[in-house]
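Asker: Here are the chains, one letter per residue:
There are 2 protein chains.
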Amino acid sequence: MKNNITRLFVENQLDIDSSILLSHSQSHYLMNVMRKQIKDHIKVFNGKDGEWLSEIIHYNKKLGVEISLKEKLRKQENLPELWLIFTPIKQSRLHFILEKSAELGVTKMFPILTSRTVISNINLEKSKLVLVEAAEQSNRLDIPVIYNLQKLDTLISNWNPDNKIVLCNESETHIHIRNIIHKLDKDICTIMIGPEGGFTSQELDYLGKLPFLYSVSLGAQILRSETAAISSLACIQMMRK
Amino acid sequence: MKNNITRLFVENQLDIDSSILLSHSQSHYLMNVMRKQIKDHIKVFNGKDGEWLSEIIHYNKKLGVEISLKEKLRKQENLPELWLIFTPIKQSRLHFILEKSAELGVTKMFPILTSRTVISNINLEKSKLVLVEAAEQSNRLDIPVIYNLQKLDTLISNWNPDNKIVLCNESETHIHIRNIIHKLDKDICTIMIGPEGGFTSQELDYLGKLPFLYSVSLGAQILRSETAAISSLACIQMMRK
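These protein sequences, in sequence, are chains A and B. Just so we're aligned: 394 in the working numbering is position 206 of the first sequence, and the numbers increase by one with no gaps anywhere. Just so we're aligned: 310 in the working numbering is position 122 of the second sequence, and the numbers increase by one with no gaps anywhere.
Read the hints as simulated data drawn from the structure, not as lab findings. Any given hint could be a false lead.
The list makes no distinction among identical chains, and a pair is therefore deemed to hold if it is satisfied within one copy or across any two copies.
With a straight-line Cα cutoff of 25 angstroms, these simulated DSS-like cross-link-like pairs (lysine-lysine) come out [to be verified]:
#1 258 with 397
#2 250 with 227
#3 236 with 339
#4 278 with 296
#5 278 with 316
#6 263 with 278
#7 339 with 263
#8 278 with 314
#9 316 with 236
#10 263 with 227
#11 263 with 236
Because the structure is a prediction, the values reported are computed rather than measured.
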């Protein structure tokens with residue numbers, strides 16, 4: 189069902205009859221963009237206490253919007269763990285990876301630096317805003333966590349080997365992703381996507397030797413990084429649920 | 189394998205030792221953007237005669253780049269038919285649907301008008317450019333065909349009932365897309381995606397009665413139109429190949 193009531197992520201604890209003062213940007217969004225009125229309803233969630241129906245009870249330009257919590261609509265439910273390891277790419281396509289990852293139920297995101305990573309930084313604050321907005325829109329009850337940028341080998345050397353990594357590898361010709369989905373632990377699964385220029389052969393050798401990593405093909409077409417990420421995430425989610 | 193030789197789509201017939209004068213925009217792209225030189229190689233395809241290795245033999249600012257065909261690299265192979273029915277959405281997200289559809293092997297695209305379609309036109313010329321560029325990048329040997337915008341009921345009244353439509357329907361709760369994939373004819377399959385505001389209940393009633401249409405869910409999350417399109421296309425392709 190199309191969800192027409194505005195949903196907002198808040199940091200506050202959520203409890204019956206408590207009231208919350210929203211941030212300036214959220215207040216502006218509600219009153220000036222969405223043109224809400226006093227007594228209008230919105231939904232809020234904080235990633236811990238489920239989803240609540242609330243009512244706008246005050247609005248003051250300086251202080252912002254105050255809401256009162258009315259009714260718990262949904263219990264907190266955690267999504268099955270689905271992690272994504274990716275490399276920074278240019279802004280609009282990165283935005284796309286973040287937004288679609290949130291829509292497709294990714295729970296943790298690990299940006300990494302590889303030899304061919306062209307863009308060597310990531311704006312975590314902006315990235316978090318994109319993730320929050322996408323989570324609000326897509327009806328999830330939590331926000332994906334995004335970690336600091338780190339080197340590929342730092343990430344791998346600290347990796348828990350129980351957590352299997354599915355490496356989407358353009359040079360893989362034998363094993364298609366559909367052939368390994370049944371092997372993945374249902375509790376946790378991680379997709380790894382390379383940079384636009386691909387991993388170097390040294391990196392692929394290094395990754396290929398890891399006992400907790402499956403190298404897979406996504407088919408004959410050459411996919412851009414963000415297409416590979418979204419396609420593989422969608423496939424994993426489809427087979428899981 | 190990463191494909192590093194520039195690929196271009198041309199309208200000309202392709203045959204051994206024939207030479208082709210490229211368009212001004214292609215010539216500009218090769219010489220000024222990609223900084224190619226005389227004797228450099230590029231690949232060309234026309235959607236009919238496979239893929240050819242060619243060499244740049246002349247360049248003249250007024251006339252453009254002339255190439256000579258050297259060797260047929262791949263035979264023409266047609267992708268399995270995969271069609272997409274979608275509604276126009278705002279520019280950047282539409283661009284995304286077009287680009288990702290081409291990458292994911294869509295062969296025909298049908299933009300439609302529904303009651304809640306907000307954007308009531310589509311720039312076919314621009315759309316074709318996006319499709320060509322994405323096909324060049326993704327290693328396909330053909331270009332997806334995009335049809336004129338038409339009304340939902342016009343499209344449906346002319347539909348061949350042998351061609352099954354998979355309607356990605358937010359209000360569907362019983363049948364998940366994974367449960368009907370095995371029922372689809374391998375020769376042809378069509379995904380249908382609604383506008384941002386969803387189909388109206390009248391439209392869903394009308395569509396629900398069609399014997400050649402399966403209404404399916406993509407899961408609990410609310411997906412944007414373009415995410416629904418890409419996810420469902422990726423899932424169909426994954427199960428097919």
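Asker: Each of the hints needs a verdict: does it hold here or not?
Answerer: A quick look at each hint next to the structure:
no., hint, result
1, 258 with 397, "neither (54 angstroms within a copy, 40 angstroms between copies)"
2, 250 with 227, "within (19 angstroms within a copy, 67 angstroms between copies)"
3, 236 with 339, "neither (31 angstroms within a copy, 45 angstroms between copies)"
4, 278 with 296, "within (20 angstroms within a copy, 29 angstroms between copies)"
5, 278 with 316, "both (16 angstroms within a copy, 24 angstroms between copies)"
6, 263 with 278, "neither (37 angstroms within a copy, 35 angstroms between copies)"
7, 339 with 263, "neither (38 angstroms within a copy, 41 angstroms between copies)"
8, 278 with 314, "both (13 angstroms within a copy, 22 angstroms between copies)"
9, 316 with 236, "within (17 angstroms within a copy, 46 angstroms between copies)"
10, 263 with 227, "within (24 angstroms within a copy, 66 angstroms between copies)"
11, 263 with 236, "within (9 angstroms within a copy, 56 angstroms between copies)"
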